[in-house]
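Engineer: For the record, the sequence lines run as chains R and P. According to numbering that gives the first Met the number 0, the first sequence is numbered sequentially starting from 0. According to numbering that gives the first Met the number 0, the second sequence is numbered sequentially starting from 0.
Honestly, the hints are just simulated from the structure, not real lab data. Hints are not guaranteed to be accurate.
[Unchecked claim] Simulated crosslink set (SDA-like; lysine to any residue; CA at most 25 Å straight-line):
(1) R:Lys-72 <-> P:Asn-199
(2) P:Lys-72 <-> R:Lys-72
(3) R:Lys-141 <-> P:Lys-72
(4) R:Lys-130 <-> P:Ala-137
(5) P:Lys-8 <-> R:Arg-193
Number of protein chains: 2
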Amino acid sequence: MTELSDAPKRARVVIVGAGFGGLTVAKALAKAPIDLTVVDQHNYHLFQPLLYQVATAALSPADIASPIRTILKGQRNSSVLLAKVTGIDTNSGEVMAGDRRIPYDYLVLATGARHAYFGHDDWEAYAKGIKTIDDATALRRKILLAFERAEFEHDPVERGRLLAFVIIGGGATGVEIAGAMAELARKALAVDFRSIDPTNARIVLIEAGPRLLPVFEEHLSEAARRSLEELGVEVRVSTAVTDCDEAGVSLADQRIGTRTIIWAAGVQASRAGQWLGAETDRAGRVKVAPDLSVPGYPNIFVLGDTAHVRDMDGKPLPGVAPVAKQEGKYVAELIQTRIAGGDLPPFRYRDPGSLATIGRKKAVVQFRRLRLSGYLAWWLWSVAHIYFLIGFRNRLVVAMNWAWTYVSFQRGARLITGPDPEPEIRTDKGPGMERLHEVA
Amino acid sequence: MTELSDAPKRARVVIVGAGFGGLTVAKALAKAPIDLTVVDQHNYHLFQPLLYQVATAALSPADIASPIRTILKGQRNSSVLLAKVTGIDTNSGEVMAGDRRIPYDYLVLATGARHAYFGHDDWEAYAKGIKTIDDATALRRKILLAFERAEFEHDPVERGRLLAFVIIGGGATGVEIAGAMAELARKALAVDFRSIDPTNARIVLIEAGPRLLPVFEEHLSEAARRSLEELGVEVRVSTAVTDCDEAGVSLADQRIGTRTIIWAAGVQASRAGQWLGAETDRAGRVKVAPDLSVPGYPNIFVLGDTAHVRDMDGKPLPGVAPVAKQEGKYVAELIQTRIAGGDLPPFRYRDPGSLATIGRKKAVVQFRRLRLSGYLAWWLWSVAHIYFLIGFRNRLVVAMNWAWTYVSFQRGARLITGPDPEPEIRTDKGPGMERLHEVA
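Starting from the given sequences, assemble the full structure and let the hints guide the process.
Structural biologist: Right under this line is the structure:
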């Protein structure tokens with residue numbers, strides 16, 4: 000490639016991670032005089048807030064994900080690389096992905112979060128969270144198979160385990176999953192089985208703290224709890240989990256037999272901090288400078304769930320989408336300003352409020368002075384989520400899916416995919432088998 | 000369970016397979032005085048004709064599949080069992096699924112087809128067909144990853160292999176896949192890459208016989224060929240494949256380097272014939288009596304792709320949906336008639352014609368005296384496929400997906416799912432790497 004010796008070289012910006020934060024930076028740099036490379040281990044941007052709906056069979060993966068290339072295709076300065084980053088060489092200024100090396104002048108790490116198990120990493124085998132599409136379809140498979148197996152299970156104790164679903168973690172994620180599970184069991188599957196009654200499935204939501212949704216005000220936490228209990232969810236607050244295994248969950252005072260434990264209780268940062276050897280907090284988030292750069296590396300920025308950023312009260316900002324997006328806009332503007340020779344004041348976050356939905360028609364909203372619960376909150380939640388989806392097509396599809404589910408109570412993606420399920424080995428041929436031919 | 004000793008026991012009907020054939024029998028028996036059990040190794044009914052659209056990222060799996068339980072939920076006499084059948088005990092009259100045994104008075108085997116490799120079973124590792132949802136998402140992953148890898152491939156020979164796609168088999172399936180692949184490469188992906196030009200991807204359709212679509216009349220085969228060539232597909236007829244391996248396809252006179260071979264050239268019956276020890280044809284299909292029962296077992300029926308049924312000219316009926324559906328209706332009526340003490344004349348098939356689509360706006364239709372090609376044929380194909388989908392929701396979703404793809408040329412399900420792709424190991428850091436930062 001011949002270079003004109005007096006043409007200034009364009010700055011090379013590399014963004015690792017195409018979630019809310021990374022994609023916001025990329026789009027904000029669309030017209031910047033730079034060469035942009037976006038690196039992600041998946042070929043799609045995922046709208047994570049709705050992932051639990053894939054796990055509970057209401058939406059398909061493609062409804063909430065868009066190929067990164069399609070999102071960025073109009074940006075002539077952008078290139079997309081599907082790769083898994085393995086480290087950063089800060090001396091040579093290169094991102095390492097396997098044997099591949101990607102040089103940068105400015106680097107943005109927006110690699111998100113992983114689940115954390117508070118020192119009980121062995122629980123991860125039994126209590127999986129949902130962070131990726133494959134997590135969600137795997138959980139969907141697990142949930143639907145539990146009902147299928149329960150239908151022909153003779154042992155009432157095992158049937159009880161199959162029809163019990165335990166969600167650990169009472170934040171927005173846990174609340175939303177619990178509500179959706181209740182809808183699935185009590186509505187969508189209600190008349191589909193002959194031996195079992197899915198409406199009797201037990202759904203338990205466990206929270207270690209004194210109330211659900213700790214980021215909301217108390218009366219909204221109460222509204223959420225009531226809505227869940229109306230849906231038949233057992234809510235247990237001030238309850239710690241002492242153990243998880245393949246047959247159940249142990250609490251301080253009792254044991255719940257279950258084959259499906261869903262983890263929504265803790266997250267930690269991605270490995271970005273380790274790649275940099277930077278100072279991190281206990282969750283692994285990188286303690287960034289007021290301009291979101293890594294101390295000692297003014298050209299490396301960390302944002303989103305992987306960054307530890309303090310707000311005006313000195314508290315760390317939560318790992319939610321609006322935080323990542325505001326940080327992304329700031330970093331994009333800062334990079335362009337610095338290239339032009341200027342600078343910006345430190346980053347400041349403006350809180351746009353919080354939302355959480357509970358099942359089909361209820362939600363809680365806390366936004367500036369606005370406090371809502373119930374139906375109106377649910378409408379606002381739906382509109383906001385649809386608005387923030389990337390891509391007109393996804394918005395239309397999700398809106399229609401929800402309209403369908405609302406009207407019909409049916410869920411549009413009730414598929415068990417993956418390897419063919421091995422039939423459980425049964426050695427007895429007891430009275431239960433004849434039930435196959437009972438007049439229902 | 001107490002039985003009244005003088006109440007007649009209802010006949011137990013077991014259907015294995017919930018495809019077109021099996022599901023037609025099940026639905027036709029909705030009001031029959033029987034106890035019905037439907038057994039399938041998946042929890043969903045799959046609309047196979049559109050599976051290639053999942054493989055080419057135009058539709059999501061849930062758009063073309065419906066849970067069997069939902070389809071049958073209104074039938075109080077029906078029970079659904081998710082299990083993989085392993086054999087039939089004709090002495091005791093039981094279906095065997097692992098250690099589970101399901102007794103029957105009437106048995107219907109509608110277990111469909113698998114791919115056949117004409118004695119070259121070793122090719123199956125390199126040239127996969129699409130028969131299930133997991134086949135389709137695996138192929139989708141393979142195709143999309145091929146483009147992703149080609150984008151950063153330095154070696155032009157390897158890049159050529161990655162950007163070459165070979166479809167073996169010029170029947171309706173191969174033609175439809177070839178057309179969809181061309182649409183994907185030339186439209187949906189066209190501007191999404193910076194180093195490669197997807198519109199230059201090579202798509203080759205290979206047919207051993209003298210023309211494509213042998214079941215259609217010659218002029219329609221020609222129309223299909225022309226449409227494919229207009230889409231940039233290389234059509235090779237009268238060409239036999241001599242070998243398949245991981246780096247390409249060998250023909251009699253040349254070799255095509257490719258990393259993606261799609262098999263659409265041959266099918267064989269499921270193992271039902273082996274379960275019964277019945278007489279089968281060379282494709283493993285059970286040679287049934289004129290009433291579709293297995294010779295010697297008047298209460299066991301085989302239908303659909305697994306059955307060898309002769310038409311008025313003595314030729315075996317093809318493995319297509321209308322055949323399975325008409326056979327299913329017949330068997331359901333026959334079972335009810337026999338239970339009531341009567342009988343029916345032998346099965347007779349009425350041919351409703353053939354359809355095949357080529358890409359976005361072309362198709363061929365052959366129906367009674369009607370011969371169509373081009374746009375009108377394509378509209379008819381679309382309407383027919385939407386009509387035959389099970390479930391209003393799926394019809395609406397597929398219609399909207401197609402409208403979207405038609406208008407935008409974008410494909411709605413371009414996700415690479417499954418295990419995270421390992422980045423290819425590159426040891427050289429040649430000029431290609433700097434291309435990442437070229438001004439596009």
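Engineer: Can you name, in rising order, the numbers of the hints this structure does not satisfy?
Structural biologist: 2
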